[in-house]
Amino acid sequence: MFLFLQDDLSVGRGSCGSAHQNPPILRRLFSTAAFFVSSPTRCALAIFVLFSSTVLYSHPIQTIDSLDEITSLDSGTEHTWEITTQSLDPVSFSRSYLEGAPLPEVRWEPYKAPGAFQLPDLSIETVYLLKKFVAPKDWNASSISIRLGIINDKDRTYLNGKLIGATGDRNSEFPQAYDKIRIYTIPPGLIRKGRENLILVEVKKFFRKEVGIEQDRTEIGDSSLIQKDLLRAEYVKLLFLMIYLTVGGYFLFLYVRRRTDKENLYYGLFTVLLVVYLFLRNQVKYDLGIEFIYMKKLEYIILTVLIPIFAAFIRSYFKFKRNLFSNVLDGAYLCFTLFYFVSNNVIHYNMLNKHAVQYGWFLYVGLIAYYLVRRMVAKDRDALLILGGVLVIVIAAVLDTLGARNIIVFPRVVGYAFLFFILSIATILANKFVRLNEEVEELNEDLERKVEQRTEELKQSLEQVNRLKVQQDADYFLTSLLINPLSSNKNVSRVVRTEFYTKQKKSFEFKGKTYEIGGDILISGNIELRNKRYVVFVNGDAMGKSIQGAGGALVMGTVFNTILTRSGIATQKNKSPEQWLSEAFLELQKIFESFDGSMYISIVLGLVEESSGLLYYINAEHPWTVLYRDGVASYIEDELTLRKIGIPENEQHLTIKTFRMFPGDAIVIGSDGRDDILIGNEENRIINEDQNQFLKRVEEGAGDLCEVYDRILKFGSLVDDFTLLKITYDPGASESEAGIVSEKTVSDSFRDALISGKELLRDKKVEEGLKSLEYALALNPKNESVLATFGKFYLKEKEYSKSLTYWEKLSGLYANSAEFVYYVSLCHKMLKSYETAAEFGERSFSLDPSYLKNLINLADIYRILERFERARDFLGKALVLDPENPKALQLKNSFG
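At position 129 of the sequence shown (counting the first as 1) the number is 129 in UniProt numbering, and the numbers step up by one without a gap.
I should point out that these hints are in silico values taken from the structure, not numbers from a laboratory. Careful, some of the hints might be misleading.
Taking lysine-lysine pairs in the DSS-like style, the calculated list, with each CA pair at most 30 Å apart, reads [what the hints assert, rightly or not]: (1) Lys782 x Lys532; (2) Lys193 x Lys228; (3) Lys545 x Lys590; (4) Lys892 x Lys877; (5) Lys782 x Lys853; (6) Lys209 x Lys112; (7) Lys590 x Lys877.
Let the hints inform the model, and build the full structure from the sequences given.
Have a look at this one:
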């Protein structure tokens, strides 16, 4: 008996329907009950068995009235789906059930579809869903389809034991379509009219705990109606997406046109990304042929960045600054986004989204609420409107999240909620735009009057500017009138010629004529020093532009012309060239130093001796002096020794340089405008920094100043005042006219007399030797060797006056010789003319600061004059050159 009951219960657990749906089993149950009626005990047991069987089969089969319409197959109170985790063969099971044959022992449980089934054992991979229905006897639809909603994840669907549809590769490790709505068309004749039908769905899970028909709905009916219903819903969503995309694109366009309004950028990005996300939730995406894993990757990425972008929109719209909290939160979400890029594991995506991203949304919602509440306290109406839209989205998002987690079954409403939200935000931004336009219109209403008022103001300002311009040009004109006579070429020498070229950067018009004004100045003239004629020149470049530079040039011209005028006094004519230059420099230095740094000037100041072509000059931070000889231009200096005139303590570095000009030589001096040439365009300004370019221009122009200027303009454009001074030495046809006779041109008689005289003096035959030398001197009165021999002879004989005569003649012929000037100083010292001796000693020092004999001689002279500080200075210089020099050491001991 127990074996019989056990067999009956086993059959009951393996059955698929209720008692009235399985007549063979019911008859068996009633027969068993009748067996027990013969006794009270058997009767009670029969009642228990009958009650238990009724509980096992308490789910009646759903009866469908018509297939011409859509009929829901969702689980309800009257009928439901069933599920089992046991393995079975869908084909054989379906046939056995429909044919009334014995069924395998399978335990079926009620299953609420749609809804997620929580697996009791995580090792289970496959479940089977069962739905029974009785079809009507007739219908008019030519094709019947079944809609099974969203199945997680892969499925094979059977109707009455025949496969009618399948989705997903069962052997793939990646998800296949766990958000795809399944619609399968039923082959004609497969549905049993007026009888029981069996739908069996084999589902293979992807996620660990959940499986089944998780979302959407299940239904059966006319294929065209089911397809239309699906497409209608999906295309309505697409219509919304087009609206969202239009709105987002419009605000991105606004940002492109006005980059300062970053709220348009964030809102546009938020809307466009939302469109992409919602499209990825649409069934149309499967028509694109993109792999499911990549669509899910993009969906999770967008889901992660949407809320931070919206928070950035709120912050930007209401002009809140970033803080540490928002920076940390944005950084965390950036890390989440990067994780999606490097991983292809959807399980990890889902875990990160559920346990981190979605919880982080609460922080962002709190941050957004903080921004909005602060603005609402400030009575900002836009904040209240945005807060309303945010609340709608939050409610919709919560409902969708609960549905996605299978806590509730609820259709997705975020897509519809966003229509309200996006349009509300767009309205707020549009209102802001309208408010701006209204403000512009208000301004335009009074624009004509304001334009007239502004035009009148500008007219008055322009008139005032013109008056100031006229006054300024008058000042410029007056200044130019003062400078022009000061900057003049007054040199009248035929031996040393001077030429000027001036082009000031600043030009102006006054009373219809054009004038120039600037800080460059050129002056030349003639003076006489110790019965020798000199050409004086100066090229100056005062600091500053226009009127400031012109002020410096005016001071320079006034002072220097005063010095030239004063040089005609008899007491001034007794000075040496070096002394005259030193005093002129010191006077200029003192004048410009009195301006306390507000005015400096760079100059080249010099003298050219007409008889010898010897150039004495001072360069105070002016561009280097150029020698043009035989078609080749070169610099005659290579170092800076003096700073601009006016810089304090500049006189301590005063050095007078000399250079011997040969007949035909030309010296070219210019201000820094000759080098500061613009060789690029206005957008790419490049100033020439190669000082050798000026040498090339001098050579190209063959030393002609006009040609040099033209060549410079072909090379680039002037950016500063431009002046050039050319000094040409042209003494005549031969060197003898300049007072210099080379020993190579003397006659044999002169050579013989010179050699003989020197030999006789060495042999102590003084009288004969002097006669021979006097004969040689008569043949060539300006010969260096003869004059030097006489000078040394009489110096040795202590006839200092006679020796001085010869050394003075030599120093006059060879004014750049430190040796000859030294002997003049020495003779004066021996004649006890100490002041004169000091003067010539200083002159020799300026010609050659390292001439040891002169240093010791000067130290001794100043010792005698009791100028001990100066004496020790020169003695120190001598000891540096030769620490063991006996005369220097002897002189040192004499100081005590």
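Going through the hints against the structure:
Simply put, Lys782 and Lys532 have alpha-carbon atoms about 16 Å apart, close enough for the 30 Å limit, and the pair holds. The straight-line distance between the Cα atoms of Lys193 and Lys228 is roughly 25 Å, inside the 30 Å bound, and the hint therefore holds. About 23 Å separates the Cα atoms of Lys545 and Lys590, which keeps this hinted pair within 30 Å; it holds. The suggested pairing of Lys892 with Lys877 holds, with an alpha-carbon distance near 12 Å, which does not exceed 30 Å.
Of the pairs offered as hints, the one joining Lys782 and Lys853 holds, with about 25 Å between alpha carbons and a cut-off of 30 Å not exceeded. Annotation: proposed proximity of Lys209 to Lys112 holds, straight-line Cα distance about 16 Å (limit 30 Å). Proposed proximity of Lys590 and Lys877 is supported: the alpha carbons are some 27 Å apart, at most 30 Å.
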